[in-house]
Amino acid sequence: MESKQDFADFDSYLALVQDSLASNFGTNATFLPVPGTQTQMVDFAATVEGLNIHYLYYVTETDNNYVQLYGWTLASLFDSSKDELTKIMDSFQELPQ
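The numbering used here numbers the first residue of the sequence shown as 11 and each following residue consecutively.
Since the hints were made in silico from the structure, they are not lab data.
You may find that some hints are simply not true.
What the hints assert, rightly or not - Keeping only pairs whose Cα atoms sit at most 25 Å apart, straight-line, the calculated SDA-like set for lysine to any residue is:
id : residue 1 : residue 2
1  : K14       : T72
2  : K14       : N62
3  : K14       : V77
4  : K14       : T47
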């Protein structure tokens, strides 16, 4: 979670996240909007410490913050796990401070 006041806007923050994912995982995956929300999402495969995994990655905007959420599973289980991961990600709500 990052304070919105530290970034010019959501697009600038999202670009930083994309750059980080590209350098850490070698992915050039494009974020897509989640309809009806202030959220962008991407899913991508990566190999980490010899494991083939698949990520579901959200970047969302709340009233005061930008938030990164991600879930992952073994690549072989992604198709059967994607709906459950999506439900978990969609359940995110920022608590009042």
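Margin query: With the threshold set at 25 Å, check whether the alpha-carbon distance from K14 to N62 stays at or below it.
Written below: The given pair, whose Cα atoms are some 34 Å apart, is violated under the 25 Å limit.
**Study point:** 25 Å limit on alpha-carbon distance, applied to hinted pair K14 and T47
**Key:** holds (17 Å)
Taking only the CA atoms, is the gap from K14 to T72 under or equal to 25 Å? OK: K14 and T72 at ~9 Å, within 25 Å.
- Compare the distance between the alpha carbons of K14 and V77 with 25 Å, and conclude whether the hinted pair is satisfied. holds (10 Å)
When the structure is compared with the earlier hints, a violation turns up for hint 2 alone.
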